[in-house]
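Student: In order, the protein sequence lines correspond to chains A and B.
According to the working numbering, the first sequence is numbered sequentially starting from 1.
According to the working numbering, the second sequence is numbered sequentially starting from 478.
What the hints contain is simulated information worked out from the structure, not anything from laboratory work.
Values in this document were obtained by computation on a predicted structure and should not be read as measured data.
Incorrect hints may have been included.
To give an idea of the chain A side of the interface with chain B (calculated C-beta under 7 Å), a few residues [what the hints assert, rightly or not]:
#1 V389
#2 S401
#3 G404
#4 Q409
#5 A435
#6 Q442
#7 V449
A few chain B residues facing chain A, derived, Cβ under 8 Å [to be verified]:
#8 R502
#9 T505
#10 W519
#11 R570
#12 T600
#13 P626
Here a beta-carbon is modelled for each residue, glycine too, at the ideal position from N, C-alpha and C.
Residues per chain, in single letters:
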Amino acid sequence: MPASAARARKSRAARSPVPARLPPLGVFGFDRLEPVILAALVTEDPLLLIGQSGTGKTYLLNTLSEALELEHRHYNASLIAFDDLVGFPYPEQESGTVRFLETPATVWQAESVLIDEVSRCKPEHQNRLFALVHERRVQGIALPRLRYRWAAMNPCSADQDGDETYTGSEALDPALADRFALFVRALDWDGLSGEERRRVADPGGEGRVAEDGGALRRRVTAWRERFLELVETCPPLIVGYATAAVGALNDAGVRVSPRRARLLARSLLAATIVAERADEPLFRLVLEASLPHATWGATVGAEVVAAAHRLAWDTASQAPDRWIHAFLAEPKLPKKLALLLDECRDPDAGSQAVAQLLAAEPPERAGAFAFASYPAAAMGRLPVGADGVNDLAALAGPMLSVDGEIRWQERRNQQNTRHPQFERLAEASGRLRGARRERARQFFSWCLVEKMDPVDPVALEAEIHACVQLLKRRGLA
Amino acid sequence: MRAASHLLGRDPLGPLANAGGPMSRTRTERVRSSLLGRDAGWIRCPSVIRLGLDFGDRDPLDTLRGLLDAEGALTAEDLRPRFPLPGRALICRPLAGDAARLSLDEAEPPDVLRQALLLGLCTAHRFDPERPVLWTRASVTRALELFDPEGFYA
Chain A
1 MPASAARARK SRAARSPVPA RLPPLGVFGF DRLEPVILAA LVTEDPLLLI GQSGTGKTYL
61 LNTLSEALEL EHRHYNASLI AFDDLVGFPY PEQESGTVRF LETPATVWQA ESVLIDEVSR
121 CKPEHQNRLF ALVHERRVQG IALPRLRYRW AAMNPCSADQ DGDETYTGSE ALDPALADRF
181 ALFVRALDWD GLSGEERRRV ADPGGEGRVA EDGGALRRRV TAWRERFLEL VETCPPLIVG
241 YATAAVGALN DAGVRVSPRR ARLLARSLLA ATIVAERADE PLFRLVLEAS LPHATWGATV
301 GAEVVAAAHR LAWDTASQAP DRWIHAFLAE PKLPKKLALL LDECRDPDAG SQAVAQLLAA
361 EPPERAGAFA FASYPAAAMG RLPVGADGVN DLAALAGPML SVDGEIRWQE RRNQQNTRHP
421 QFERLAEASG RLRGARRERA RQFFSWCLVE KMDPVDPVAL EAEIHACVQL LKRRGLA
Chain B
478 MRAASHLLGR DPLGPLANAG GPMSRTRTER VRSSLLGRDA GWIRCPSVIR LGLDFGDRDP
538 LDTLRGLLDA EGALTAEDLR PRFPLPGRAL ICRPLAGDAA RLSLDEAEPP DVLRQALLLG
598 LCTAHRFDPE RPVLWTRASV TRALELFDPE GFYA
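Please construct the entire structure, taking both the sequences and the accompanying hints into account.
Tutor: Pasting the structure below:
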């Protein structure tokens, strides 16, 4: 097989799509936009769905709340009365204040709120929803439990070109629309694939609570942790892209607010974490989903968005350290190492990437990377500068020579017990042989002494071994 | 329940009485394991050399400059051709505080300068023969053991 074909195959394998999260919940027709929807779950920024009636907007959002086990409220903005949100007010004589009688429908304990038919809302209610969407407040009172603010609407009257018209679906106030970070267009029947049509038409599972054993909830929790780690030092590729894209759109006469540049950067970061890639199609998808203009009936030409995306991508991706984001977003340690070896041309950039990795990864994973790569780095065989070698050494040095105490509790009626983690970790290394076994035992000894508790020690050891094999294949070890 | 326990031959009051002590005890175990300095097993990262100078009450840098002058060398870099150096980068591990160091009261000047040269090529973590010799108060007063990490990838 020619080398180029092998590289292409490897590249395809490396970019194999992550498993779809929505179809297992019974949600079909949103596959293409899944990274955008999941990104909104990760950022916890407001999300607005736009689509014809019957396209599953409300179903999607209610299903997400069930899968995430959220305390959810679903309001219809066209029918809503303020008392529905806050409860019935009554004076509290002792404190001289007014309290609200809570009901199962009031918003105070909500973790997610869906405002359906938001474009059919009375203007005075739009103002109240503005505070809810933007500030997570009602009547000036904070809603500390509220994480997700979602809304859904039919195309507004100025944005209708199909057979159906939605009388009463008015343009959103641009100030309200600009508080939503992402806008998802729900596909109508024509946009669905044959398989999606069959699944949508299948009435099985109607009324069943969406339940995936907590899989989505756990993933969102993990993604969110990673997002919070990375957002503090948002990768240059993302900041550069958001800056250039918003600039290009404004230059083309499409007004995009400075706030949206920040929302776009947050959404891009979350999308790359969720999709486990940072490529051009993903960035374009997120940019398209970040433009609010359709909510007030304006149209942004596809060619204008395409040109802004092209300019932004070219500008941001020509930065010499653009690979660092892919390095940080990549979840597998051997692939991180391969990116470092293949893409890094500047030892200072290598040091920067290593420092960010060690800060962002959970301690046992950061330790695993340092353990596998430090000896090669110390021998000068990685594209990492002195600072990077020192960072790796500070972590891996104590791992090569472990000397410490472990403590655990033993019941009085037990004798000769082992540390609770011992059996798990010994089992993970016990099936191995030779040098691999010795490395695994050394690494797990460090885990024990440092009170690390790897979620999956077998998988983590396999990643260490894959790093070692990679270095050996490249003649670097 | 008591009767059942009695039939099983256990003291029926035992589990119910308050013995006054904790129900569990803390176990402690020492874990010692190293891949460095081993000359057996699959992974061998042998110790190459131990470095450490004991300057006593002397100022380390002034002392070394005096020794350089006496040897007719202008800078620490001039020492390179005089002493064989390990040919590749090595891993450094700090030695314990009570580890034996080469005493300037007893050692010959060439032995001291050789160690100082090697220490000047070390950071706290790494010996690199390619880097410039840096004599600082920190670098020449370190006590280090140097290991060849090549065997880690056996």
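Student: All hints are to be evaluated individually against the structure, with a verdict given for each.
Tutor: Hints and how they fare:
1. V389: Holds - the Cβ of V389 of chain A comes within 7 Å of chain B, reaching about 6 Å at its closest.
2. S401: holds, 4 Å
3. G404: Given a least distance of 6 Å, the restraint on G404 of chain A holds.
4. Q409: Interface hint status for Q409 of chain A: holds (4 Å vs cutoff 7 Å).
5. A435: OK, holds: A435 of chain A within 7 Å of chain B, min 4 Å.
6. Q442: Holds, about 5 Å.
7. V449: holds, 5 Å
8. R502: For R502 of chain B, the interface hint holds, since the closest Cβ of chain A sits about 6 Å away, which is under 8 Å.
9. T505: holds, 5 Å
10. W519: This interface hint holds because 4 Å falls under the 8 Å limit.
11. R570: Status holds, d = 6 Å.
12. T600: The hint holds - T600 of chain B has a Cβ within 8 Å of chain A, the shortest such distance being about 7 Å.
13. P626: holds, 4 Å
Checked against the numbered hints listed earlier, the structure breaks none of them; every hint is satisfied.
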